[in-house]
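Trainee: Place chain P on chain F using the hints.
There are 2 protein chains.
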Amino acid sequence: MARIVQKYGGTSVGDVERIKNVAARIKAIRDAGNELVVVVSARAGVTNELIARAKAVCAIPSEREMDQLLAIGEQETIALTAMALHGIGVDAVSYTGAQAGIFTDKVFTKAKIRTINAKPIEKDLKAGRVIIVAGFQGINDDGQVTTLGRGGSDLTAIALAAAVKADKCEIYTDVDGVYTADPRVVKDARKLEEISYDEMLELASLGSKVMQSRSVEFAAKYNVVFEVRSSFNQNPGTIVKQEVAYMEKVLVRGVAVDKDQAKVLISNIADKPGSAATVFKALANAHINVDMIVQNVGRAGLANLTFTVPLSEKDKAVRALEPALKEVGGEVTFDEKIAKLSVVGVGMRTHSGIAATLFEALAKAGVNIELISTSEIKISVIIARDKADDAARVAHAAFQLDQLGS
Amino acid sequence: MARIVQKYGGTSVGDVERIKNVAARIKAIRDAGNELVVVVSARAGVTNELIARAKAVCAIPSEREMDQLLAIGEQETIALTAMALHGIGVDAVSYTGAQAGIFTDKVFTKAKIRTINAKPIEKDLKAGRVIIVAGFQGINDDGQVTTLGRGGSDLTAIALAAAVKADKCEIYTDVDGVYTADPRVVKDARKLEEISYDEMLELASLGSKVMQSRSVEFAAKYNVVFEVRSSFNQNPGTIVKQEVAYMEKVLVRGVAVDKDQAKVLISNIADKPGSAATVFKALANAHINVDMIVQNVGRAGLANLTFTVPLSEKDKAVRALEPALKEVGGEVTFDEKIAKLSVVGVGMRTHSGIAATLFEALAKAGVNIELISTSEIKISVIIARDKADDAARVAHAAFQLDQLGS
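Residue numbers (this note's numbering), protein chains in the order written: chain F, 607 to 1012; chain P, 607 to 1012.
Chain F extracted, bound-state conformation (with noise of 0.2 angstroms):
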């Protein structure tokens, strides 16, 4: 007997035959002898319809209220799955993120897991149900309803394995696992059999779309290993864990692309002590998140300040930063028809030469590299948007990463 928590998300529910489907997965997991916590997103396209029916009462909808909104996808999810486990006979109950004693801290639309309190759970579990868990939110200590962000889903499930110290964790999507790059764009791309929490938070946080950057931090900070697999077969997917000796002996992991960010380049602002902090203050404060910071002194003691942001926070990037540039001075310019490439492995870390393949690779092809920013394990480039499929294709192919062992 296991203790396993498993996450659906909204394509693995779409419609009341696949949430069948999940109940009947979850009913052979359960008739195995194991103990079961499932966490699931709301219906696909449930959520995009919320916001598309509060821009149109309001053009910039509160987010409390908006929280208060989009909380409702997976109250339904939730319920209609217990009901489909009902009526395959397994004992099952429905948790909406208050009810789970999931906390939060109180920035919606975004917030933090504070605490899990799984007494409620625990017991539950004890009585032999399933428990089926709305993923994505949770309660603030004024007991407002809040939600956790893009793949709140797989946060919770994370952190409800953790509070519930399960054997097994299992994020089931719509993809097989992690790929050395996308295999839409990279014909040749390979399913990973592990990588580690380094590894895949990089691709997170580099465009991978199979999991977001928050949730692997918080599986690697309180070493919940996780399985990324499909819904829709019973391949075996992705393992998730910490670093293990031999993974070092491949230099690069895998290849990601993120289209969804802009550049932001501020010009001539004064070059003095404090300018910097003052603008990206000002965007932590609303809660944007910058990447690929790069400052250089231009002309007369005036400095450039270029980083990305995501294009969806384009917006609230102008309104952040109108305050921040009448004290320090600049002007501000975005490109949007840009893209963010990456190659990723823990191997970088004791081999070097990686940042020369890549470039030279790019160069043959033609790709022009506008910003580059590394870390111990990933080196990024941003370059046109319209050449970002074929970068992909040649980094894939520098690299070898359609040869296993690669």
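FYI, nobody ran anything at the bench for these hints, they're computed from the structure. Honestly, I wouldn't trust all of these hints.
Same chains, same label: a pair holds when it works inside one copy or across any pair of copies.
Said to hold, decoys possible - In silico SDA-like cross-links for lysine to any residue, where the CA-CA straight-line distance does not exceed 20 angstroms:
{"no.": "1", "residue 1": "932", "residue 2": "909"}
{"no.": "2", "residue 1": "661", "residue 2": "624"}
{"no.": "3", "residue 1": "797", "residue 2": "818"}
{"no.": "4", "residue 1": "626", "residue 2": "658"}
Mentor: For chain P alone, coordinates are given in the frame of chain F:
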């Protein structure tokens, strides 16, 4: 300045345009300096969609999960209504049933309100906010979501009006008020300016679609004066209040027809003390509302028991009766092709001859009466369903209800 509780039904908030229309109405009242607590239902059709989805995954969904599911309908409209108010510059905040402190008993799908903790609402009212509360739902002491059953949003509004000591309570719906008969059936039906709780109660329990009886009962108990009116125009509606002297001059206030009933005949049960009790206890335990009970003794110490139940609860009644009938004997037959026609008026208390007038009018129209039941202020008869509309017109004319002051 007045403190006003308003309730908007599912048709009034049926889509984003209508929600914006409701927001504009609220703003006008707010701008006139009033304090507002607004209860909204789910968008028309949403509850039925959810029920259909539930039945698609499970033939007989658990009531606990049904409540968890259905509560999302109102959670959507509260958030959208609050957003629509923000969009036109009105400070507003949405409350789920749980957030509004609406505590109920543990009977899922038709919970009773036990108490309301109005402190959070009072605090937000003091801060100048319009409060938008989800109708139809509450929370029990275990933190589980409950719903209040049909017409539950009216009940939420009236209970909140009592809890916050509102000066006015307005129930907005898709009809203009309470009529002497259903205007779709009786062409010369007339809107009533005022009606007593008792009369409204009888009309409600007798199939008038305007309001459920429990909301009226609650209003009568806490002496909450309320107005039923339309959200689609500015016409005055019908005020429901304590009986006043002049009301008694009117013999019959209105005619109601309920086609949502089934007749149950249990024949040949043992005519001994406790037989009827066994039957009705079984139905009460299953929370089935029974009406129009008639018992008579047939041949050889065996009795016949006739009563009506809501059509929607027929199947539940069959299941509930099975063990009871094993105990007391007897066979059960159902007749679904019946309707209940009733005439109502507080004036009946002090006037005789109403029954004779009704029976004579129905006889002339060739309508056969199967069962009769009377109270101090109403007479109900069970007749064939296909004659119900004719019978309503005949009764309406017999009591001259088309004439003011009748």
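Trainee: Run every hint past the structure and note whether it holds.
Mentor: Hints and how they fare:
no.	hint	result
1	932 x 909	within (15 angstroms within a copy, 91 angstroms between copies)
2	661 x 624	between (29 angstroms within a copy, 15 angstroms between copies)
3	797 x 818	within (18 angstroms within a copy, 60 angstroms between copies)
4	626 x 658	between (28 angstroms within a copy, 15 angstroms between copies)
In summary, the structure agrees with every hint in the numbered list given earlier.
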